[in-house]
Amino acid sequence: MLTKVFRKFRVLPFAVLLVLATGLPVMAGLFEDAVGKFANDEFSDTEEAIGAIATSGNPLAYPIISALQDGRLMADPDTKKVYVTEPDGKSIDATTGAPVAGVPDSAAAVRLNNRLRRTVEAALGGLTLLSPDPAKRIQAAQSVFKTHDATMLPVIDGALQKETNKGAKLAFTEARAAILLFKEDATDAEKLEAIATIKARGDQEALALLTGLSGDQPPAIARAAANATSTIQSSLAMWSAVQNAWYGLSLGSVLLLAAIGLAITFGVMGVINMAHGEMVMIGAYVTFVVQETIRTSFPGLFDYSLLMAVPLAFIVAGAIGILIERSIIRFLYGRPLETLLATWGLSLVLQQAVRTMFGPTNREVGNPSWMSGAFELGQITITYNRLWILCFTLAVFAILLVMLRYTALGLEMRAVTQNRRMAASMGIATSRVDALTFGLGSGIAGIAGVALSQIDNVSPNLGQSYIIDSFMVVVFGGVGNLWGTLVGAFTLGIANKFLEPVAGAVLGKIAILVLIILFIQKRPRGLFALKGRAVEA
Amino acid sequence: MLTRLTDDIAPPLSRRRWLAVTAGLALGLAALTTAKAADDTIKVGVLHSLSGTMAISETTLKDTILFLIDEQNKKGGVLGKKLEAVVVDPASNWPLFAEKARELITKDKVSVVFGCWTSVSRKSVLPVFKELNSILFYPVQYEGEESERNVFYTGAAPNQQAIPAVDYLMKDEKVKRWVLAGTDYVYPRTTNKILEAYLKSKGVKQEDIMINYTPFGHSDWQTIVADIKKFGSTGKKTAVVSTINGDANVPFYKELGNQGVKATDIPVVAFSVGEEELAGIDTKPLLGHLAAWNYFQSIKTPENEKFIKAWQAYTKNPKRVTNDPMEAHVIGFEMWVKAVEKAKSVDADKVIDALPGIEAKNLTGGTSKMLPNHHITKPVFIGEIKANGQFDVVWKTPGLAAGDAWSKELDGSKDLIGDWVGKKCGNYNTKTSKCGGQGS
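Going line by line, the protein sequences match chains H and F. Position one of the first sequence corresponds to residue 1 (this note's numbering), numbered consecutively onward. Position one of the second sequence corresponds to residue 1 (this note's numbering), numbered consecutively onward.
Hints in this document: simulated from the structure, not taken from any laboratory. All residues carry an ideal CB built from backbone N, CA and C; glycine is no exception. Wrong hints could be hidden among the right ones.
[Stated by the list, open to error] Label-pair distances were calculated between CB atoms; the ranges are: (1) Ser201(F) / Pro299(H): 18 to 26 Å; (2) Ile517(H) / Gln206(F): 32 to 40 Å; (3) Ala429(H) / Gly260(F): 29 to 37 Å; (4) Ala313(F) / Ile517(H): 35 to 43 Å; (5) Gly71(H) / Leu79(F): 47 to 55 Å; (6) Thr293(H) / Lys316(F): 15 to 23 Å; (7) Phe216(F) / Gly270(H): 46 to 54 Å; (8) Asp40(F) / Arg115(H): 57 to 65 Å; (9) Gly260(F) / Met238(H): 41 to 49 Å; (10) Leu340(H) / Lys202(F): 32 to 40 Å; (11) Lys74(F) / Leu337(H): 26 to 34 Å; (12) Tyr333(H) / Glu71(F): 27 to 35 Å; (13) Gly260(F) / Cys391(H): 42 to 50 Å.
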């Protein structure tokens with residue numbers, strides 16, 4: 001009977017308060033019964049157990065429920081014993097809190113489904129509103145904001161008075177406003193103030209809260225709510241344009257990264273290199289191998305895996321590039337059709353070789369901690385992996401530019417591609433420069449593979465999905481011009497992301513292709529055409 | 001005699017398997033070796049892509065059939081003859097599927113073909129199997145709206161996967177708003193049409209359904225995930241029903257994880273994501289997202305544990321996962337063996353007539369049965385993704401669900417049934433009592 005009452009979470013905070021206020025010790029037997037239910041492996045029993053434990057006031061409640069959330073709560077179906085394993089590997093008995101030597105092998109983690117996970121979150125929210133960690137308090141307040149459960153009001157009020165942290169204070173104020181807005185007996189003045197607070201928050205959730213308000217409000221409040229709704233909507237519309245621009249930049253950076261190597265092999269050297277995508281793929285597989293080695297031998301270095309993979313991918317892909325140039329492409333200079341066929345065949349050979357070595361299925365490349373997650377900037381979400389890829393792309397571009405401009409090799413490369421015979425008569429070993437240029441382009445494609453392994457599949461088909469886009473960017477930007485590639489990639493990225501919400505992903509892509517075809521009709525040499533005699537050569 | 005025979009067959013088989021990797025060469029050799037192989041073997045065609053986009057999924061199915069043939073031969077083969085696999089590589093190229101199917105049936109004289117993954121490849125080989133009167137076992141969940149005399153569908157029809165999954169979300173998760181996201185081709189489009197009709201019949205309004213299609217291999221999911229987040233923040237419980245296929249899933253799930261879309265807020269239920277696909281992703285951020293299948297590797301039954309053990313020993317990889325289409329091949333293969341033994345012949349007409357009514361144990365503790373519409377009965381499971389890349393079953397159908405060839409939700413097909421036993425017709429209209437109509 002009692003458990004039935006506690007099943008409803010609305011009474012939870014009340015019960016917590018009651019227990020705290022009166023200091024009534026909850027009967028020990030009840031708590032133990034509840035913990036024992038975890039061993040039944042039934043979702044309904046687990047739910048009852050969470051309710052009973054959360055309201056028991058027992059100091060073990062928080063460790064048990066947070067262990068449940070992280071999959072660290074182990075239950076033995078045979079002995080009906082329940083254990084909490086701490087993140088540091090130590091274990092305690094869940095009913096007594098006494099340390100135990102080890103969890104028996106027959107024990108398995110208590111299973112959760114989505115409904116229970118929400119119950120756990122709610123229970124933890126109740127338990128963490130007064131947590132010493134401000135981040136946890138903010139999280140708890142956010143979940144109250146969403147549920148706007150009126151029974152939470154006294155707890156929130158109490159917490160608000162003691163709160164010193166600025167962020168947590170704001171979160172509590174907003175949670176309080178959400179509760180008051182939906183509270184039947186709140187005064188009009190309170191409700192108007194609540195609407196003002198929610199309006200100031202101004203995000204999607206605030207909007208959801210306001211639109212969820214029932215229709216039968218006094219006119220003043222209904223007007224204020226409608227007013228706040230339209231203000232939030234127009235500010236969100238502006239933010240969504242900012243968001244599209246950011247997504248466009250991010251897509252542009254991926255396009256640029258994939259195309260930048262091709263801008264050297266195709267753009268500077270004029271080799272129609274269909275195997276370019278496979279160099280990207282090889283870079284991604286190098287990342288996989290590096291991560292595997294780190295996982296098995298030096299797990300502590302995992303966060304640095306990408307930094308190690310970058311030079312390795314450059315060397316491996318670059319070496320393969322030089323090998324290809326020496327063994328195939330150098331015999332085909334000036335014969336674009338044969339080059340196209342040979343490199344296309346080569347791309348199939350490389351794909352199948354990788355498929356044989358690593359298997360046809362995707363390989364897991366993990367994201368280091370600094371590449372995972374996101375942060376909020378105003379009303380838009382920026383994911384770290386996209387942000388880092390944008391920075392990385394710009395860095396690679398800058399280094400390449402500097403290299404071509406200020407190093408001896410860069411000078412030789414430009415000389416050879418502009419006028420091969422003149423360069424040769426000046427004593428430049430043109431065939432060596434050819435090999436190094438192709439190696440450089442391939443190496444950069446390999447570096448791109450390291451970054452792309454973070455957002456895409458690492459499978460033998462990885463390269464295929466980028467080859468068309470890469471050619472598109474180089475041709476659109478203007479062959480032989482690195483700046484053209486940069487501008488081309490970002491233009492295409494941003495155009496794509498502004499078209500996508502309107503036309504959908506499929507039509508958006510088609511529209512971009514049509515636009516490029518029309519553009520090339522008008523300017524066959526792309527955005528930044530090279531001028532002068534070099535073009536004719 | 002028998003030992004000499006196996007000695008004869010074993011080397012070319014293993015040689016061919018090794019060569020399958022260098023596709024082109026293998027084909028020539030396969031033709032050569034099969035031509036010289038003895039007449040007292042029964043040939044089994046394997047038509048799965050070993051290169052190209054679909055190799056990621058289909059290579060495993062090729063290995064599955066080779067494994068099953070190996071096991072069957074250890075038990076003495078079928079009708080006293082050994083089975084011999086003929087493997088071809090249609091290279092994820094749909095017209096090539098038809099060519100290779102023709103080659104298998106006319107040149108290699110196979111008695112049965114196990115193959116295809118995508119619906120386009122199945123549609124491409126259909127006329128060949130009809131014309132040359134052979135048998136195809138198709139092991140993948142598909143959009144339904146088809147029942148052919150020469151094809152046996154061992155994967156799930158929409159009423160064995162999509163509809164139960166939506167029912168689960170509606171009842172257990174109280175979902176009110178739906179995002180139907182899919183790759184832009186026939187399976188997601190038809191499935192979403194069926195789901196949309198089904199949702200509307202349950203009182204879901206048009207503005208609470210968002211449909212979104214993306215191209216094959218789509219990798220930039222930022223906008224779509226942001227749209228889903230926005231669609232799901234109106235206060236009504238929202239879920240995503242994903243028919244996104246193949247490679248596009250990994251970046252989709254990565255983006256979901258990074259943008260912080262948690263299963264407790266907006267659960268994603270997928271029909272094309274299994275153990276094999278999850279092997280390429282870090283699944284910790286995906287905890288609690290769902291998949292609907294007729295089989296999960298994590299299901300604890302003696303049959304399943306025995307199968308997984310034998311499979312991992314055969315592939316010499318203790319981490320090799322199993323998945324739903326593999327189980328479909330296991331069931332289909334056993335049904336074919338039983339039908340051949342019942343018909344005492346490998347003649348296509350006799351086996352086709354023998355197959356309906358044949359029962360075979362599935363790996364989840366039940367017995368599946370081949371129905372007159374050439375679909376089978378299967379249990380339906382809903383699983384939640386766990387941190388180790390496996391699924392935890394949170395719901396299942398009480399018994400086995402019978403596969404409907406024709407969806408009851410669509411106007412064009414609700415009166416049609418497939419019945420190759422009584423009516424000898426794949427699209428019999430129960431209203432007009434005539435054979436024919438849509439799909440003929």
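Verification of the hints:
1. Ser201(F) / Pro299(H): 18 to 26 Å: Given a distance of about 53 Å, which is not inside 18 to 26 Å, the answer is violated.
2. Ile517(H) / Gln206(F): 32 to 40 Å: About 36 Å separates the Cβ atoms of Ile517(H) and Gln206(F), which means 32 to 40 Å holds.
3. Ala429(H) / Gly260(F): 29 to 37 Å: violated, 55 Å
4. Ala313(F) / Ile517(H): 35 to 43 Å: Check failed, 55 Å falls outside 35 to 43 Å.
5. Gly71(H) / Leu79(F): 47 to 55 Å: Hint holds: Cβ distance 51 Å, inside 47 to 55 Å.
6. Thr293(H) / Lys316(F): 15 to 23 Å: holds, 22 Å
7. Phe216(F) / Gly270(H): 46 to 54 Å: Given range 46 to 54 Å: violated, Cβ gap about 31 Å.
8. Asp40(F) / Arg115(H): 57 to 65 Å: holds, 59 Å
9. Gly260(F) / Met238(H): 41 to 49 Å: violated, 22 Å
10. Leu340(H) / Lys202(F): 32 to 40 Å: With Cβ atoms ~54 Å apart, the hint is violated.
11. Lys74(F) / Leu337(H): 26 to 34 Å: Violated, at about 53 Å.
12. Tyr333(H) / Glu71(F): 27 to 35 Å: Violated: the Cβ-Cβ distance is about 55 Å, outside 27 to 35 Å.
13. Gly260(F) / Cys391(H): 42 to 50 Å: With Cβ atoms ~21 Å apart, the hint is violated.
The structure does not agree with the numbered hints 1, 3, 4, 7, 9, 10, 11, 12 and 13 stated previously, though it agrees with the rest.
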